[in-house]
Amino acid sequence: MRFWRRRSADEDAPAGDAAPGFTAGETGEMRAQAERALARSRSGLFGRIGALFERREFGDDLWEELEELLIAADTGVAVAGRILDGVRARVRDTGVTTADGVRAILRDELVAILEAPAVAPPRWDAPFPEPLVILVVGVNGAGKTTSIAKLAAALREGGHTPVLAAADTFRAAAIDQLRAWGERLGARVVAHQPGGDPGAVVFDALAAAEAAGGAVAVIDTAGRLHTKANLMEELRKVVRVIQRRHPDAPHETLLVLDATTGQNGLLQARAFTEAVNVTGIVLAKLDGTAKGGITFAIAGELGLPVRLIGTGEALGDLAPFDPATFVDALLA
Amino acid sequence: MFEALTDKLQDAFRRFGARGVVTEDDLDRALRDVRLAMLEADVNFRVVREFTSRVRERALGADVLRSLTPAQQVLDIVNRELTEVLGGDAAELAVAPKPPAIMLLVGLQGSGKTTTAAKLAARLKADGKRPFLVACDIYRPAAVEQLVTLARSLDVPVHEEGTGAKPADIAERGLAQAVRAAATHVLIDTAGRLHVDETMMAEAADLRRRLNPHEVLFVADAMAGQDAVTAAQAFHEQVALTGVVLTKLDGDARGGAALSIRAVLGVPVKFIGTGEKTDALEPFHPDRLAGRILGMGDMLSLIDKAKTTMGDDSARRFNDKLKKGSFDLQDFIDQLRQVREMGPLGQLLQMLPGFNSIKAQLDVDSLDDDYFGHAEAIVLSMTPWERRHPERIDGRRRKRIARGCGSAPADVNRLLKQFFEARKLARQINSGRLPALAGMR
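Taken in order, these protein sequences are the chains called U and Y. If you read the first sequence in numbering that gives the first Met the number 0, its first letter stands for residue 0, the second for the next number, and so on. If you read the second sequence in numbering that gives the first Met the number 0, its first letter stands for residue 0, the second for the next number, and so on.
Extracted from the complex, chain Y is given alone in its bound form (with noise of 0.2 Å):
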């Protein structure tokens, strides 16, 4: 996500970088760059001449044109501005003084609300809460259907009253019965509607009237154009937003319906959706992607990724291996495997710093699960002695090992060569200096 903007910025910097001294054209060449960047991120225009002006005017006042590093401070001023308008804090689910938490999720057609309402159930249950759905979209056909059938995969109740009754009195009734349950959070699903539609919208501002919800969530699509602000704005005005989640990040949209939304509604956005399963729910963390959106890479976001895959303590005990240099085989085949389990790999590729500019030379797709299949299966034909003491395995062995897993002498190679490669690099790293990613390959 935003990795054009990325590259985009970081070209117009470079410029600078080059020759060291800065012009007052420089800077507004550079505000151009940024400008047509954030356009093709499909940053609101309005946003985005508010935005560069801004920038111009603190570079301006910083001083940054005579400074001795001017490319440094643009880039700080833009990076702040942007976390800035991005939200500062990621922001928290709001808490109800009483249980059940009321939620109400509204939003266009399309932009995934009821998947939503599934992830965010599966994410308060997985927190160890009650979460409990109600069926408000009578209008969509299997629309009720869906949300029953995501409810019962997650073992989650649901409150449905098929198409028959008014969304306001199903709420009313499912809440009622959340109540009953015991249930700490109540989610509910409503049909997508248009913004212009004053029927439904006026039935939007009813439900909320009437179940006066803790949380208003408008889902939004990433892909959204410039119409999302007029959209977002034309809810907020009926219903009162109190958040946003932002759904399909997980293609390549840049997303820049959520800056423009935060921007213009000042309505945080609080959760991203980075994928159909019900799990690919993540808390949205403005500071992290403005530093995404400025190559800075996202590792906080792999690092938490990586805790909750790997438990703090295999991870501690890993980190261990890793500073005494006993990081073997068996331990290769194991973050093999753990990695695998994190998602797709070139998902977590693109939150490390500077993988925009290797991107190209990678070929991201053919590293996928082949690649963590067959390394398994090298590793997997190799003995207990073998794995433990790799530098040990001679020309006999590789051929044995290769004939044991049906590849070539060639593969088991290859796979010593990375494995050796990324036990340098983890020593590297622990004696504080990393290399350049960019010469990885």
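If we strip away everything but chain U, and leave its shape as in the complex, we get (with noise of 0.2 Å):
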């Protein structure tokens, strides 16, 4: 995958059916990867709404269990009420009666809403800024590390070079993890003692990233919950670090959300937005059963994007998020 490539300004346009800031030939790559990655859920519970639809007419009776299904993949009883409002009504304008039109209907909604953030991703064409700094945050255990591990393997195969900050200084070990991966992918990994601060490690980070020329500076901070008004504080701290040195970075700030999260993961999202504007989610652990369906009340109340999902153990499972591919795994 390559991935916040640099691209030269007389590279071909996209061709017609590839996602949005990529090319067919890596759309079609992304899909079959996100397929793959989805095959379990399908199997799962969205997997019985495709079958919902080859059952029968579309009666009064099968909204219920779609509300049901929707609301077991995640989305909330809010979100899921509001999609299928948005379905029935298109449903009783158009006249469709048959479950394959339904369906139809079903599968624009959820990817318009997929496809609407207010806040637009940011593409990294020409020219790229430098370094480009990325911010990872989100709870303890979300999968703040390894994403990045993964990041940092698809940078290097676009031609970049990564810079990793290891500014989790808090949790046990967490220095040590990121240091594993950097050699591991031969990644450069700036660190202190345990217990320093984060700040510094940040801003000698960004020094390395400097020198190095043309680096992305992925910055790794410690889980922390939302709630914790002191731990957001320090995020925010961290921020001006880097902002003091580069007032327009952090280009982007990820925010890693467990598949697995449930209807907190709107509250996290909210929270870490408030407090340091997040611009984009990576989707971790998208390889189990969990369906990621508070993804759809992120975006629709919140309008972040789904930047990256996880989609294994291995470093190559990372893969750029598509709104249609998602949803098409999910209803297939």
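Since the hints were derived computationally from the structure, they do not count as laboratory data. Take these hints with a grain of salt, some might be off.
[Claimed, not checked] Taking beta-carbon pairs under 10 Å as the criterion, some of the chain Y residues facing chain U (in silico):
1) Val147
2) Ser152
3) Asp154
4) Leu193
5) Asp220
We put the beta carbon where it would ideally sit given N, CA and C, even for glycine.
Assembling the complex is the task here: the two chains are given apart, and the hints tell you how they should meet.
Structure, rendered in structure tokens:
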């Protein structure tokens, strides 16, 4: 996968079927990867949605079942209701009665929610900021460090020089964890002592990224519950440190969200966005049976796009998020 | 935790309260709110469906609709059902007939197994036991280092073999070493694994077979959604769980996963994780949680916490003073200091009954350390005589006290006012006239 890659000005515009920001080839590759990852989700509850449409003509009793299935995917009651209201209205307007017709409308509604983020995903076409600064935040155990390792691998593959900042100085051995990844990847890791000041680590990492030239600084932060005021303040301080050197950075602030997260995910996204202006979601651990339905609520209410999905335990298991692929896989 | 659910249920039933008469339609409408609240709290939808239909049945069977206090009766039924689903009494850790007791920790990635292993060790050690840790997560980079670092900081022995050996072999050798070290409890930390990963689940099953542990604890994230049950079920089938540890309950997750797992698997929640430090592990009390869900607060937990922080003696002495009304500013500041030791104020306040209804009025975060710091500075700037006779502190003294601690006389006034109110409240509690908390600022 080539992601956040340098694009030359004369490079061909993406072909018709490609996802925004990607070439047709890349789009096919990432669709295949997302397909594989979502195979399990499909065989689970969302798979029942597919079966629901095969079963019979679409009658009243099925709406309730459909609501339950959306809720079971963690969309939340309110969002499920809103989705189905939209579908119902369009079913009424268009006079559709077949299960296939309803399904097509549901698909459109789901895709529309994920495609309409108010926060436009940044596209790193030329000119590429130097260094590009990506801040990675999230609650404890969401999968930040692993996602960063995968991201760094993707960056390397795309011809970039990732510089990783071990700014999780709190959790025991978090620094060792990032260092181990750095060694495996051949990526530079800037770290201080455990218990050190995260801001100081970030400062040094930025300096290293600047010196490297054309580097991408990826900052690993300590997991923190979004309700802890002092820890959220610490995160703001990290951003201030970054902005003292680069006023327009961080160029991306990615919130890593565990795909198994329930309704609390919306509260997480809201609190982290308020604190450090999140620009996108990394949906980690999507290779289980969890559906990550909370992303519909996050996209719908906060306008935050999902940028990447974690699709397995290998380093290559990170794919750009494409709403249509995601929804198609879920409804297949 | 469960705060919004509490609010919802209270709302739903407040509507009955106003009219006093309940129809079957009213009941259904309230139950729809209960359903919504539970789903928003991430309780599994199947559990919710069963729960509401059982409450409905009982409410109709008990002839609640014609009772004089229908709201109270429905609330009682919901409360009873909730407590039942959550599992009756608090569950204890299994006891090994012949030590050491072997405890296996399993779960999904990032649920908090390693941290929980350390917390359990810290807890056992504080109880005078001899815990022993074994690091079997050979997959996640630096997971072994993490456990070793935590063990060292707790001064608890740990067995590790890096990442070269097989987890079951490491565990068996660790166990042998623990026996030699006369450990009472062996805590085995394993790698996080997806419940659909057949190879990894087979490895977990193998670990269980070879170790024959007394406890197999499923470490579950309180923020987990509808899928929590699916994962727990798969683990249960492979390794026969004996208990659940619910982690990260110090945030605002409502922890409906606990309710769901308990309801579907019948496996009790034994501990809850309430913070990042190694002492932030508490026994799970289903009855208390049900009470908290229904807005009855969690006074029992608060009292427990106070007892362990203050010690029984100091608590009794303080109680005597309260009764005699001889509670002065020195006691006040001692109390403030002890409250501060008990943990973040916001967390304590959440245990108070009726807190949800006043939370919006209180800026909880601003009440925290700053408040304590200022109050302490003001009292420390007083003479011992002044601390014993707060009612005798006049304007001149207030000015001097303010100068002494670098604050304004108005701050001193505010503190004294708060102290007098607290003393008044204490006297009222003693005389059995507890005022409604909703009126308190």
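Verification of the supplied hints:
| no. | hint | verdict |
| --- | --- | --- |
| 1 | Val147 | holds (8 Å) |
| 2 | Ser152 | holds (8 Å) |
| 3 | Asp154 | violated (14 Å) |
| 4 | Leu193 | holds (5 Å) |
| 5 | Asp220 | holds (7 Å) |
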